[in-house]
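Position chain P relative to chain U; hints supplied.
Residue numbers (this note's numbering), protein chains in the order written: chain U, 1 to 351; chain P, 1 to 326.
Derived from the structure by calculation, the hints contain no laboratory data.
In this text, a Cβ means the ideal position worked out from N, Cα and C, and glycines have one as well.
Check each hint, because a few of them may be wrong.
Stated by the list, open to error - The calculated EDC-like cross-link candidates involving lysine to aspartate or glutamate, where the alpha carbons are at most 16 Å apart (straight line), are:
{"id": "1", "chain 1": "P", "residue 1": "Lys-58", "chain 2": "U", "residue 2": "Glu-281"}
{"id": "2", "chain 1": "U", "residue 1": "Lys-347", "chain 2": "P", "residue 2": "Glu-76"}
{"id": "3", "chain 1": "U", "residue 1": "Lys-347", "chain 2": "P", "residue 2": "Asp-106"}
{"id": "4", "chain 1": "U", "residue 1": "Lys-137", "chain 2": "U", "residue 2": "Glu-177"}
{"id": "5", "chain 1": "U", "residue 1": "Lys-347", "chain 2": "P", "residue 2": "Asp-326"}
{"id": "6", "chain 1": "P", "residue 1": "Lys-58", "chain 2": "U", "residue 2": "Glu-345"}
{"id": "7", "chain 1": "U", "residue 1": "Lys-347", "chain 2": "P", "residue 2": "Glu-98"}
{"id": "8", "chain 1": "P", "residue 1": "Lys-58", "chain 2": "P", "residue 2": "Glu-103"}
Said to hold, decoys possible - Here are a few chain P residues that sit away from chain U, every Cβ distance over 10 Å (derived from the structure):
{"id": "9", "residue": "Gly-173"}
{"id": "10", "residue": "Gly-179"}
{"id": "11", "residue": "Asn-213"}
{"id": "12", "residue": "Ser-218"}
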Amino acid sequence: MLIRILTNSVLPLFFLLLCSFTNADLVAMEDADLGEVDGEGIGVVLEDFVYNAGEQVNGGTFEITGLSGRVNGGGQQNVVLGISQFYIAGQGSNNGSNVDNNPVTLGRLNYPFNIELVDGDNVGVPDKAVFEFAAPKKAIDASYFNFAMENRSEGSGQRVDRISGFNTNVLSSRTTERADMGIRFDLEIGGSRFQSLENHIESLAIDGSYTRLWGDSGHMEGELAVNLYTPSIEFFACDAAGNNCGATVDFQNVAIEAELGYGEAQPVTFEVGADGNFIFEVGSLQGRCGSLNGTGGCSDAAGRAFFNDYYQNGPKGNIYIGNVSVGGRNYGSSTISNLQIQYLEVKSHDL
Amino acid sequence: MKAVFIIMMLLPQFVWAALTAIDDAELSDMTGQAFINLDRSSSGGFDFTKVTLGLDVKTSLNSDLVELGRYERSGEVAGSSDIRISDFALGHINDQGEIVPFEITDPFIELAFETVNGRENLVGVRLGFGEAKGKLSGNIEYLTGNIDIELYGTGSYLSSQMSCGFFDLICEGAKALVGGAWGNDEFAANASLVNASNGNPDPIRATHVGMPNGSNLSIPDGGGFTNFLLGLFSSSNCELLSTQTCFPLSLYRTLDIGNKDTGAAAEGLFLSFQTKNVGWVDGGTTTTASEGAFMNIPNGGIRTSFPEAFNGIPRARTKYVDPYFD
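Only chain U is shown next, with the shape it has when bound in the complex (with noise of 0.2 Å):
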């Protein structure tokens, strides 16, 4: 009887009172205590992936609405814009038509995808813990573009002349790790639909592409690296059916690398208003020179060694298309190089 007694009363009790007394010695640990922290993570393989979706596929229906426009000039009407078809696919899918067997892995043992709480003293955000997701690591820890540089004539220093090409083994290696992607909307306004826009790209990396987030001032706060590398990126028009497509326009050998924000010097930051409306940002670098000259220059020796250091390691950007090619005509080569955002804020309004 005794025995059952303490069963059925005092052994719940006593791990009622463990488990309460369990919580209460729970305490929030200090940023700095967290940003010791430093996990391995867990990587991320997807093996013989393949996402096909749209009403051509299987009858559903993605649409966007909410959306206004007018046609000609008239008045304001209500705009659909149905995704007929966005594929995930692995190499050869030919613009979206041979998906369903086709896959894809995305990320490998040696090269996942990440997903990480590193320390914040090795990312330039001290004392915090930060959360990576990372997309496989570049094959080599640098940029894949390849710079020709020419002297200012007009002022001090070097800059880039020219992009000639990207390391292009990036084309070529992990073939079966790199997808082709592809999306086709179509536009109706008023009730009339009007067209069908497709993009395709094809066997696209992305390595070397990460997020990473972290918390300050009660708000999150981040920076982010995109790299894209592909062979082609295609844009057509089709008629109101989806058929009788147009003139393609091929950007050829497509690299971007571009990174936004600089840790805790230049956070990112997302957040939407009250009102509905969102405002990103890129942190304002105003205010970091310690004393000023007579044109608003860094003069002290502080601020121009975190200006140096940010001109020559902080965040940049590089586009390269190889060229344009329309309907057999070709345009060469476009180009924007070492861009660097020193502030920027981005708020949106109703039209």
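Coordinates of chain P only, in the frame set by chain U:
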């Protein structure tokens, strides 16, 4: 007892989880913001699809190089580009060390289609801005497009730039008039992309800007007779009354987009790429863009004084440690 035990075990977890659900009534008050507009129109044999984003953008940025359309083009310098600007920058840093951003309102992307044999061929794409204001800096090496610059300044300054030849009595007379009777009047002229070797308009891979052949000086506040007299003299071969009227684009290191006197933003600024001449429509204005990459800065977008036209515009500071200043 077991049930109580399990509930009590779970209770502390719920206490730690502070998230609460939003009920249907509250959720129904939430609305998405309509910051995207899609328009469809037809003009000049083309169909257009335009996506406008309701955004206010403020930025300060620098880039070593912006180069669009590097391919060989008949009649142009080998290795040149449709657009090439080195040390490109938007926005600037003022004397107080404050970032003065470049401001953009309602950017849009527009596609142009031409229907041939029942097929819609994509023939053009442009990135445009509803309004734009601020300083655009860079060394403009090649420019394809449409840049109309409004020049202004007093007659006394203009006469100081006139270099009349020996016994050129017409020129001497005009110089005396411009620097004397009209010395305090504000003159105006319009400049655009020209060929420096002959003064003809040259919107393809231009290296110079100036008064194209046949264009005149005027005094906006002057009388009809005054402007009639001025109309007798027109720019020819990059010269007007012995005054140089064409200048290298590289002289102008920083351009004020928008009216720097009134603070009004410029409308119609865009960057486009097309495979044939396409007439892009903004309100009631059609701007015909030539094949290849093209940049349009509309009338009134840039206003520059005669001294700036003759001497160039120095570059504004765009970095806190700036290779052009430090």
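Hints and how they fare:
1. Lys-58/P x Glu-281/U: 10 Å, holds
2. Lys-347/U x Glu-76/P: Judged against 16 Å, a Cα distance of about 42 Å means the pair is violated.
3. Lys-347/U x Asp-106/P: The hint holds at about 10 Å.
4. Lys-137/U x Glu-177/U: Judged against 16 Å, a Cα distance of about 13 Å means the pair holds.
5. Lys-347/U x Asp-326/P: At roughly 34 Å apart (the allowed maximum being 16 Å), Asp-326/P and Lys-347/U break the hint.
6. Lys-58/P x Glu-345/U: 5 Å, holds
7. Lys-347/U x Glu-98/P: 21 Å, violated
8. Lys-58/P x Glu-103/P: 5 Å, holds
9. Gly-173: For Gly-173/P, whose nearest Cβ neighbour in chain U is about 40 Å away, the distance exceeds 10 Å, so it holds.
10. Gly-179: 33 Å, holds
11. Asn-213: Non-interface label on Asn-213/P holds, nearest chain U Cβ at 30 Å vs cutoff 10 Å.
12. Ser-218: 34 Å, holds
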